[in-house]
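Peer 1: With the hints as a guide, dock the two chains, each given alone in a separate frame, to form the complex.
Listed below, chain by chain, are the residues.
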Amino acid sequence: MHTLTLALVNELNVGQQVAFGILALAMAISALRLVTTKNLVHAALYLTVVLAGAAGIYILLAAEFVAIVQVLVYIGAIVVLVLFGLFLTRAPIGRDQDLDNNQRWAGAVVALLLLGVLGVTLQRAFKGQHVAAKYLANHGSNTAAIGFSIFHDFVIPFEAASVLLLAALVGAVVIARRD
Amino acid sequence: MLLNEFLFLAAFLFCTGVYGVLARKNGVLVLMSIELILNAVNINLIAFGAFNNTITGQVFALFVIAVAAAEVGIGLAIVLLIYRNRQSIDLDKVDLMKG
Chain A
1 MHTLTLALVN ELNVGQQVAF GILALAMAIS ALRLVTTKNL VHAALYLTVV
51 LAGAAGIYIL LAAEFVAIVQ VLVYIGAIVV LVLFGLFLTR APIGRDQDLD
101 NNQRWAGAVV ALLLLGVLGV TLQRAFKGQH VAAKYLANHG SNTAAIGFSI
151 FHDFVIPFEA ASVLLLAALV GAVVIARRD
Chain B
1 MLLNEFLFLA AFLFCTGVYG VLARKNGVLV LMSIELILNA VNINLIAFGA
51 FNNTITGQVF ALFVIAVAAA EVGIGLAIVL LIYRNRQSID LDKVDLMKG
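Chains as they are written, first to last, in our numbering: chain A, 1 to 179; chain B, 1 to 99.
Just so you know, the hints here were simulated from the structure itself, not pulled from any lab data.
The structure presented is a predicted model; accordingly, all values stated were derived computationally and were not measured.
Treat the hints loosely; a few may be bogus.
Unchecked claim - Mimicking PhoX-like on lysine-lysine, the simulated pairs with C-alpha atoms at most 25 angstroms apart in a straight line are:
hint, chain 1, residue 1, chain 2, residue 2
1, B, LYS25, B, LYS93
2, B, LYS25, B, LYS98
3, A, LYS38, B, LYS93
4, B, LYS98, A, LYS127
Said to hold, decoys possible - Negatives, chain B to chain A, calculated, CB over 10 angstroms:
hint, residue
5, LYS25
6, LEU96
7, GLY99
Note that beta-carbon positions come from the ideal geometry of N, C-alpha and C, so glycine has one too.
Only chain B is shown next, with the shape it has when bound in the complex (with noise of 0.2 angstroms):
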């Protein structure tokens, strides 16, 4: 198979998820735009750990499927304040420090 197929759909995969996080206003959404591009990161090293004929590829996408989890723990931890504190999740209204 081709490398750049692979490329190219984490790619695109990336793309979807950076106008996630742009366009989204609901924190959970935002949260889960951010696993769309972690999910393209590990396509990513996997299809190079293939290509280069090593195994490290996928160790390193096991370390950020780690940090992944513990990142949509915090995530959700602090979206779950925020709803307590301001009964809602609008990130838009979270502006209390713009000047």
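Chain A on its own, in the form it takes in the complex (with noise of 0.2 angstroms):
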């Protein structure tokens, strides 16, 4: 069928499976390690790398505006404020043996099992379906269509949004305060 579309497809394929490959395996072995590891600030460094491959990962999708959300939000704010949790909880620094708990095995075994599930179900449904390269042309650029769906159709949403994040402020601080 369309042989042009289909080589400029390739083409562009190379760079981003290369892209891919790469972000995948550090996202893959920092939230392994993430998970596994003694100490508490690595744990929260890890995480930072995955949230940075996550950001890569979306400017390989064409969503460059949620891929600065991302860093802005999650390693701006999220991971500093993970910090601060972890140094008020006066987190022991270097290693600490004792961040496991006794479900270890049955939590791993369950992870396994859901990988499998999922594996199989996504292998099934969407076996050799391409994302297509260049798949948005609508509006110029992707921000402003994202701009006119957030206040065009989803107005209501980011209303509820506004509230929900005005609710979680007020909670926090009346959570977290002393008397």
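Peer 2: Encoded structure:
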């Protein structure tokens, strides 16, 4: 069928595949280290690597606005918040052997079974389906399209999100303040 | 690119996060594992948005990011409160409701 389009897609594909492979490998290793490391501060830094890798994946999927928001909100705010949490709870700096509970093996079995089920299901459902390499050409840029969509189709969820953030702000102050 | 590459990566991150939530007993580490799970969902949303050629996936991912920010704020406030009352954030010791 579309020979020209397929050739273009194949050419783009090589670079994308290489980038995806590097990002996916870094994310997978960091995620595994995050849930197995004995050092709390290292865990926060591995989380940073996973979040940055996710931002890279978003760029691969031509979602540059979400990638920037990911860097700002996740790496800029949430990781810093988590580090504050670690230090305010006087986390032991350095190796701490006692971070896993006694359900570790049950947890590993559950996670592996879940991975197996998800893998088989996804392989059966979406085998051989492609994400178009250049799929968005609407309204000039992605960001404009997102803005239009949020303030046109998703106005009420947007307002609900702002109320949610206000509630979270007030709730966090109420929960954490000293009486 | 194959859609399944992204979905498998997200499934792997999701399962790693589930393992972290089940197997860790430090409250902050459990919160970090929840962030892993939410990120896996975001990757799925954006991959399916690209697959279906629609912007809605990205809008949903933005909403998930907003909810994750609210969640981690409240979660850390709760963890700090547990620490203040018990001088420890070992979740195995928070078992007052266990019969």
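Peer 1: Determine for every hint whether it applies to the structure shown.
Peer 2: Outcome of the hint check:
With a C-alpha separation of about 9 angstroms, the suggested pair LYS25/B and LYS93/B falls inside the 25 angstroms cut-off, and the hint holds. The hinted pair formed by LYS25/B and LYS98/B meets the criterion: a straight-line CA distance of about 16 angstroms does not exceed 25 angstroms. Straight-line distance between C-alpha atoms of LYS38/A and LYS93/B comes to about 19 angstroms, which keeps the hinted pair within the 25 angstroms bound. Proposed proximity of LYS98/B and LYS127/A is contradicted: the alpha carbons are some 45 angstroms apart, above 25 angstroms.
With a closest Cβ-Cβ approach of about 4 angstroms to chain A, LYS25/B is found to fall inside the 10 angstroms limit, against its non-interface label. Interface exclusion of LEU96/B from chain A stands, the closest Cβ pair being 17 angstroms apart, more than 10 angstroms. Every C-beta of chain A lies more than 10 angstroms from that of GLY99/B, the closest at about 18 angstroms, which supports listing it as non-interface.
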